[in-house]
Amino acid sequence: MAILTYREALNRAMVEEMEKDPLIYLMGEEVGHYQGAYKVSQGMLDKFGEERVIDTPISENGFAGIGVGSAMVGLRPIIEFMTWNFSLVAIDQIINSAAKMNYMSGGQFPMPIVFRGAGGAGGRLGAQHSQAFESWYAHCPGLKVVCPATPKDAYGLLKSSIRDNNPTIFIESEVLYGSKGEVPEQEYTIPLGLGEIKRKGTDITIVTWSRALSFAEEAASILEKEGISVEIVDLRSLRPLDENLIYESVKKTNRALVVEEGWPVAGFGAQISHLIQKNVFAYLDHPVERVTQMDVPMSYAANLERMSLPNANRVADTIREMLR
Amino acid sequence: MVLIRKFEEAAAKAYSVGKIGGFLHLYIGQEAVGVGSIAALTPHDYIVSTYRDHGHALARGLHPNPLMAELFGKATGVSKGNGGSMHFFDKNAHFMGGHGIVGGHISLAAGIAFASKYKKEDSVTICFFGEGAANIGSFHEGLNLAAIWKLPVVFICENNHYAMGTPEYRALAVKDVSVRAYAYDMARDHIEGDEVRKVRDHVKVAVDRARRGEGPTLIEVSTYRFRGHSMSDPAKYRTKEELDAYKKKDPLMRARNELELGGIKPDVLDKLEIEIQTQIEEAYAFAEASPEPPLSQLHKYVYAEDK
Ligand SMILES: Cc1ncc(C[n+]2csc(CCOP(=O)(O)OP(=O)(O)O)c2C)c(N)n1
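Taken in sequence, the protein lines are chains A and B. When we follow the numbering used here, the leftmost residue of the first sequence carries the number 1, and every step to the right adds one. When we follow the numbering used here, the leftmost residue of the second sequence carries the number 1, and every step to the right adds one.
Keep in mind that the hints were calculated from the coordinates and are not lab data. Incorrect hints may appear among the rest.
[Said to hold, decoys possible] Between beta-carbon pairs, the in silico distance windows are:
(1) B:Val179 x A:Gln42: 53 to 59 Å
(2) B:Glu292 x A:Glu182: 38 to 44 Å
(3) B:Phe226 x A:Met1: 34 to 40 Å
(4) A:Gln42 x B:Glu292: 35 to 41 Å
(5) A:Gly107 x B:Phe226: 39 to 45 Å
(6) B:Glu192 x A:Lys180: 44 to 50 Å
(7) B:Glu9 x A:Lys180: 51 to 57 Å
(8) B:Lys120 x A:Gly107: 45 to 51 Å
(9) A:Tyr103 x B:Tyr182: 52 to 58 Å
[Claimed, not checked] When the alpha-carbon atoms are kept at most 20 Å apart in a straight line, the in silico DMTMM-like pairs for lysine to aspartate or glutamate are as follows:
(10) B:Lys236 x A:Asp295
(11) B:Lys175 x A:Asp295
(12) A:Lys278 x A:Glu243
(13) B:Lys236 x A:Glu50
(14) A:Lys39 x B:Asp233
(15) B:Lys236 x A:Glu243
(16) B:Lys300 x A:Glu50
Beta carbons are placed, not taken as given, at the ideal position from N, Cα and C, and that holds for glycine.
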């Protein structure tokens with residue numbers, strides 16, 4: 001097992017896939033000569049040349065459209081958004097073109113494209129640069145939405161996303177890029193739609209993904225000392241969704257808490273909460289709860305940002321409340 | 001210009017010791033553009049800026065104290081600590097914000113100008129952006145709308161030749177941004193940005209044209225940033241020789257030379273610089289001593305209060 005950072009794991013996945021399939025290219029702002037704004041594409045320009053690692057001007061809607069058009073005739077683009085905040089400039093191409101192409105053409109145009117880049121909130125970047133958008137994209141049928149939390153998952157899931165014939169929204173956590181973890185040396189993939197139990201427990205199930213996993217894990221460690229046993233389900237992808245994994249866990253623990261980085265209203269946690277109450281209602285000893293970012297844009301001020309983001313203490317407090 | 005330079009040097013220091021967070025994009029090297037342009041305005045004209053907004057705000061005459069406090073994320077900041085470096089706002093000064101999404105604000109500027117025309121007020125809006133922003137849809141749409149409706153707006157492209165690590169020749173099909181004005185049948189101008197008075201005079205022509213109801217102008221001002229794109233950028237994509245060549249054309253040096261040639265004694269200028277330094281130290285102390293926003297502010301400005 002090698003110890004890799006999250007960013008290195010992503011890099012390895014892209015490099016290996018591009019070595020195998022000449023139809024795959026990487027495109028986005030600063031991916032080449034600058035070696036990636038967050039250095040995820042470090043070294044790739046040297047390896048693959050300017051034809052396959054392509055720097056673009058700042059024109060998200062334009063290059064997202066280039067990606068979609070090229071995928072219509074057989075290329076397999078990886079389109080990097082420097083951060084997902086800027087993907088909103090391209091959301092028309094993602095939702096109105098990429099997500100629906102196969103459907104509205106009656107299956108004639110599969111869309112083997114990955115949109116990837118840094119997501120999430122924090123780092124005192126203020127309201128326009130600090131947002132978790134997975135719920136926005138998960139809202140839209142036709143897209144797959146993947147949110148890895150560990151280097152191991154990032155590698156396996158990115159490879160699956162690149163091989164998938166559907167448009168994948170691959171949201172990397174900006175805060176996790178430097179985080180380290182074990183990544184098997186042998187090549188592997190992780191099927192989209194397969195969650196994982198990241199921690200076994202008996203008293204309550206936390207359902208989470210991406211960076212919020214770290215809040216859940218920290219809270220679980222705190223609560224363990226108090227004799228509370230927490231099970232953590234990491235969804236890894238929101239679309240497709242590993243529903244059964246959630247249900248099996250809730251059947252065992254009889255309680256569920258969703259922990260997510262984004263806003264609460266119409267957030268993906270609301271969907272999970274709905275599914276749990278609909279499908280395993282009889283097993284519930286408590287209403288499903290959620291810990292989310294506060295229902296406000298992100299403030300720059302350090303104290304307000306801290307208060308706004310979900311954290312381990314809020315998770316632990318909510319669980320104590322639920323078990324009372 | 002000296003105020004801007006010293007303000008940002010102090011900000012850079014505060015950033016390196018963690019008193020300022022997030023991104024910090026410095027304007028050092030470009031001062032003559034903001035100062036010259038804004039000198040062509042009246043107080044009821046509007047200014048729209050980007051994330052590189054400190055210089056524009058100071059040139060507008062905003063006091064350094066609330067600006068430094070904003071960088072520190074304090075309650076006394078111009079945006080009450082909610083905005084940070086990229087989002088200075090001051091309604092009274094008609095300073096219509098620093099904006100973080102490249103190019104998005106270009107349409108906003110057209111909208112502000114639209115409102116001036118709609119309300120039959122004679123305010124002119126000027127909008128700053130980089131050459132990188134000229135490649136985004138909002139630029140094209142904003143300029144086209146401004147042109148067809150003859151809106152009183154002046155678009156000022158501060159071409160510092162790099163958008164982050166991307167040099168202009170790899171991003172612009174036509175290198176001269178100002179000639180894009182032809183596509184919108186718009187007046188254009190192209191100037192060097194190291195001479196503050198020249199910038200003012202040229203911008204003034206465009207502002208007057210806008211005020212007369214003759215429509216928008218696209219002005220490209222050639223300039224250079226001495227620092228990286230932001231504090232986290234080591235700027236390895238350009239050579240030391242290039243940087244040094246531009247530093248020789250430092251707009252501050254140039255302005256000082258002009259003043260001295262005009263008969264102002266060096267010691268008068270030195271004294272002025274010392275006063276400015278003191279002012280910056282006061283701003284720093286003010287920012288440090290100011291309180292963080294109250295926690296009750298978290299939910300406060302999400303929606304406007306009822307009229
Ligand atoms: C739509 C969008 N895409 C990407 C970014 C990230 N980004 C911020 S500034 C910048 C470079 C902008 O360069 P330019 O417009 O030339 O202005 P300068 O920074 O040189 O003043 C980039 C790519 C962003 N903020 N918004």
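Are the Cα atoms of Lys300 of chain B and Glu50 of chain A separated by 20 Å or less?
49 Å, violated
I want to verify a distance hint. Is the separation of the beta carbons of Val179 of chain B and Gln42 of chain A within 53 to 59 Å?
Hint violated: Cβ distance 37 Å, outside 53 to 59 Å.
Lys39 of chain A and Asp233 of chain B: Cα distance at most 20 Å?
12 Å, holds
Taken at face value, is the distance from the CA of Glu50 of chain A to the CA of Lys236 of chain B at most 20 Å?
Judged against 20 Å, a Cα distance of about 19 Å means the pair holds.
Assuming the hint says 34 to 40 Å, is it satisfied by the Cβ distance from Phe226 of chain B to Met1 of chain A or not?
46 Å, violated
When you check the alpha-carbon spacing of Lys278 of chain A and Glu243 of chain A, does it fall within 20 Å?
12 Å, holds
Please test the hint of 51 to 57 Å on the beta carbon pair from Glu9 of chain B and Lys180 of chain A.
Cβ of Glu9 of chain B to Cβ of Lys180 of chain A: about 36 Å, so the range 51 to 57 Å is violated.
Glu292 of chain B versus Glu182 of chain A beta-carbon gap, inside 38 to 44 Å or not:
Holds - the Cβ-Cβ distance for Glu292 of chain B and Glu182 of chain A, about 40 Å, lies within 38 to 44 Å.
Between Gln42 of chain A and Glu292 of chain B, does the C-beta distance stay in 35 to 41 Å?
37 Å, holds
Need the status of pair Lys175 of chain B, Asp295 of chain A: alpha-carbon distance at most 20 Å?
Status violated; Cα separation ~44 Å.
Would you say the C-beta atoms of Gly107 of chain A and Phe226 of chain B sit inside 39 to 45 Å of each other?
56 Å, violated
For Tyr103 of chain A and Tyr182 of chain B, compare the CB-CB distance with the range 52 to 58 Å and indicate the outcome.
With Cβ atoms ~42 Å apart, the hint is violated.
In summary, the structure is inconsistent with hints 1, 3, 5, 7, 8, 9, 10, 11, 15 and 16 from the numbered list given earlier, while agreeing with the others.
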